[in-house]
Amino acid sequence: MMPRVDIHDPLEAERFAALHPDEYQTRRDFLQRTAVAAGLTAGLGLALDPDAVIAEAARRQREVALPSPRNLPIDTFVVLMMENRSFDHYLGWLPGADGRQAGLHYTDSHGHSYATHRLVNNYQGCGFLDPDHSWQGGRTELDGGRMDGFLRAQSDVFSIGYYTDADLPFTPHVAKAFTAFDRFFCSILSSTYPNREYMHAGQSYGMMDNSLPTASGGFPDTTIFAALSKAGVSNHYYYTDLPVSSFWGQAGLARSSQVQQYYEQAAAGTLPALSFVDPSFNGEDQGTSGDEHPHGDVRVGQAFISDVVHAFMESPQYERGALFIVYDEWGGFFDHVVPPRVPDLRPSADINKDFGQMGFRIPAVVVSPYARRGHVDHSIYGFESILKMIRYRYALPPLTPRDLYANNIAASFDFKSKPAPAPQLPSPPDVISSACSGSSPADTGGAGVDDGSVIGMPPGSQIGAEQPKRPKPHDLQNLLTSGYLERLGFKYRPATPATMFRHPSKLGMRA
Amino acid sequence: MIGARRAALLGVGLAAVLPTGLAGADSFTPVRLTITVPPVARMHQPLAIRVAVSTDPGALDDRSGPVRVRVKLAGECGGTYQYTSGSVLLDKQLNPQPSTGRAYSALARGSGRPTAYGLQTVCVWLDDAGGRTWASDQSMQVNVSRACTTAAARYDAARRRRRKQAAADRRAARRACGAGVSL
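Chains as they are written, first to last, in my numbering: chain A, 1 to 511; chain Y, 512 to 694.
Just so you know, the hints here were simulated from the structure itself, not pulled from any lab data.
Any given hint could turn out to be false.
Claimed, not checked - For each label pair, taking beta carbons as the anchor points, the in silico distance ranges come out as:
{"no.": "1", "chain 1": "A", "residue 1": "Thr-107", "chain 2": "Y", "residue 2": "Ser-538", "range": "43 to 49 angstroms"}
{"no.": "2", "chain 1": "Y", "residue 1": "Lys-603", "chain 2": "A", "residue 2": "Glu-486", "range": "45 to 51 angstroms"}
{"no.": "3", "chain 1": "A", "residue 1": "Ala-65", "chain 2": "Y", "residue 2": "Lys-675", "range": "46 to 52 angstroms"}
{"no.": "4", "chain 1": "A", "residue 1": "Ala-349", "chain 2": "Y", "residue 2": "Gly-586", "range": "30 to 36 angstroms"}
{"no.": "5", "chain 1": "Y", "residue 1": "Asn-654", "chain 2": "A", "residue 2": "Ala-215", "range": "54 to 60 angstroms"}
{"no.": "6", "chain 1": "Y", "residue 1": "Thr-661", "chain 2": "A", "residue 2": "Gly-145", "range": "36 to 42 angstroms"}
Said to hold, decoys possible - Heads up, incomplete: computed chain Y residues facing chain A, CB under 7 angstroms, no partners named:
{"no.": "7", "residue": "Ser-538"}
{"no.": "8", "residue": "Ala-640"}
{"no.": "9", "residue": "Gly-641"}
{"no.": "10", "residue": "Arg-643"}
Idealized CB from N, CA, C, for every residue including glycine.
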């Protein structure tokens with residue numbers, strides 16, 4: 001039984017609207033209809049307190065009416081997760097977004113100050129350190145909210161380099177064409193594995209680093225995939241070379257296929273309700289990885305994103321689909337926005353132990369006929385916000401407190417306007433990539449050090465105290481080298497252009 | 512184990528919120544913020560805001576210290592209240608505080624003075640004492656209007672002039688009429 005409430009009283013109406021939105025709407029509609037029937041619309045308006053009129057106007061301004069779950073016109077979700085880039089580093093130039101690139105200065109542990117600099121023709125960062133994006137490194141970079149520790153972690157000046165609109169062949173175009181997010185934080189201030197675990201399951205099972213569940217043979221399958229399967233909703237995971245789904249052991253591998261199947265199903269209109277797509281992770285030090293993680297060539301990753309997005313936009317399922325392009329974490333690259341602490345299964349008042357500490361912002365874009373065009377959304381989101389939208393659509397219970405309390409990213413869509421046809425997006429040109437051959441950045445032939453000065457930086461800027469090192473193995477290479485995949489019976493095949501791309505003939509690689 | 516007690520407590524809370532079947536028991540938004548603020552504001556003049564907080568049972572409590580509603584009017588909302596530059600519109604503890612296991616609603620009011628013209632975002636956070644954000648909203652904007660500020664200032668001045676004129680006229684009338692005539 002609903003309480004008796006006079007909705008002409010603004011305070012009562014407001015409280016009632018918050019507690020019982022449907023009933024509030026029903027009563028408002030009833031009053032409006034009654035007023036119209038009696039020819040009293042104008043009179044009713046005059047009778048209302050001016051405060052109530054303002055309150056109503058403000059309420060309407062705010063109202064983001066999501067269709068009910070069943071009426072949400074999205075049946076196909078695709079999540080493409082790339083690697084290791086921050087928002088400012090990749091999209092800091094984006095009009096309408098809160099981005100910063102040129103003119104920032106960071107101090108290293110020796111007190112030397114360095115300016116942020118454009119990465120000119122430097123697509124790999126060969127010879128530079130893979131910027132620190134560990135649990136502890138992230139906290140050093142955060143520096144209690146000062147966001148000034150990017151050169152005091154295990155990183156060098158590569159970490160404060162950035163790309164402009166003109167430097168990347170695909171992401172700028174897709175970000176400008178659809179909705180980009182400038183408050184999308186990676187879920188946890190840590191590295192690849194925990195963040196990918198949050199993307200799949202809204203938690204990292206207490207893991208702070210890239211540790212594999214070797215003893216158990218996989219985490220318990222509390223993923224969004226398992227929840228969908230339980231509800232009878234189709235889902236699948238598509239890998240290129242190394243399956244992240246193997247973190248959940250045999251159950252994860254059972255829902256996994258090579259990415260060529262994604263292209264085929266997209267073309268045939270048979271994609272499941274939820275698809276996660278991952279790029280190739282291995283071959284980073286050969287420059288052939290396709291995930292944009294240093295020291296792979298970002299142009300290879302850009303070509304991969306382009307293929308996955310074009311396959312989606314050309315699919316018959318595009319009309320009722322949404323594809324999210326996200327990055328697993330910030331990769332140690334600079335950003336200027338302090339990430340929030342949010343509810344989590346494993347919170348702690350001590351930031352050094354708090355799993356609720358979100359990581360830095362990442363580039364994130366949604367591709368959909370219902371995505372606002374050329375729009376930047378400023379609401380706070382994380383990977384759990386995508387889980388929440390999927391949960392909402394299929395009426396699933398929350399996985400963890402993360403997705404329970406997260407903002408639903410569905411609020412960024414425009415479900416009121418007519419869906420827009422797919423825009424024209426470029427296909428990146430051929431990529432010729434090569435391995436990082438030596439220890440000096442100059443070996444790349446691109447941007448790097450020149451007589452101690454970093455190209456693209458003010459004259460005299462010295463590279464950090466850390467000497468350039470050979471690329472370290474990719475975080476996910478451990479899946480292979482530890483024997484974990486082998487024990488699960490997974491047969492690893494290195495990625496090749498033929499297994500990565502829709503049209504591999506247009507892409508050349510030099511070993 | 513890290514945060515085991517807290518995790519257990521949250522687990523209990525989550526169990527209260529988690530639905531057993533379909534969406535019926537889960538509102539998908541366990542903590543709701545309803546913000547009321549005029550869409551247009553005057554520069555340097557009070558801008559009133561009301562934030563209604565309502566929750567599902569067990570979705571919010573004060574175990575991590577008092578829960579506060581914090582609002583700033585800013586060009587850009589940061590990821591947190593503390594690191595957002597802007598005018599404070601509201602920064603108050605909820606009264607009463609939410610208690611374990613119960614549905615909850617409260618209303619907080621405040622006001623602040625805009626310090627910049629143009630479209631500003633109303634940045635709202637519901638934080639506990641540890642700075643953990645339980646809900647946030649960045650969906651509302653206020654136009655701090657130059658035209659409105661100028662017109663309203665002109666109106667204020669005219670009203671003051673009228674008031675002064677009325678007082679002078681009253682004094683003149685009193686002088687002319689004497690004390691026995693009612694004015």
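Do the hints match the structure? See the list:
1. Thr-107(A) / Ser-538(Y): 43 to 49 angstroms: Distance hint for Thr-107(A), Ser-538(Y) holds at roughly 47 angstroms.
2. Lys-603(Y) / Glu-486(A): 45 to 51 angstroms: violated (58 angstroms)
3. Ala-65(A) / Lys-675(Y): 46 to 52 angstroms: holds (50 angstroms)
4. Ala-349(A) / Gly-586(Y): 30 to 36 angstroms: Given range 30 to 36 angstroms: holds, Cβ gap about 32 angstroms.
5. Asn-654(Y) / Ala-215(A): 54 to 60 angstroms: holds (58 angstroms)
6. Thr-661(Y) / Gly-145(A): 36 to 42 angstroms: Given about 38 angstroms between the Cβ atoms, the range holds.
7. Ser-538: This hint is violated: Ser-538(Y) lies away from chain A, its Cβ roughly 9 angstroms from the closest one there, beyond 7 angstroms.
8. Ala-640: It is violated, given that the least Cβ distance between Ala-640(Y) and chain A is near 9 angstroms, above 7 angstroms.
9. Gly-641: holds (5 angstroms)
10. Arg-643: holds (5 angstroms)
Checked against the numbered hints above, the structure breaks hints 2, 7 and 8 and satisfies the rest.
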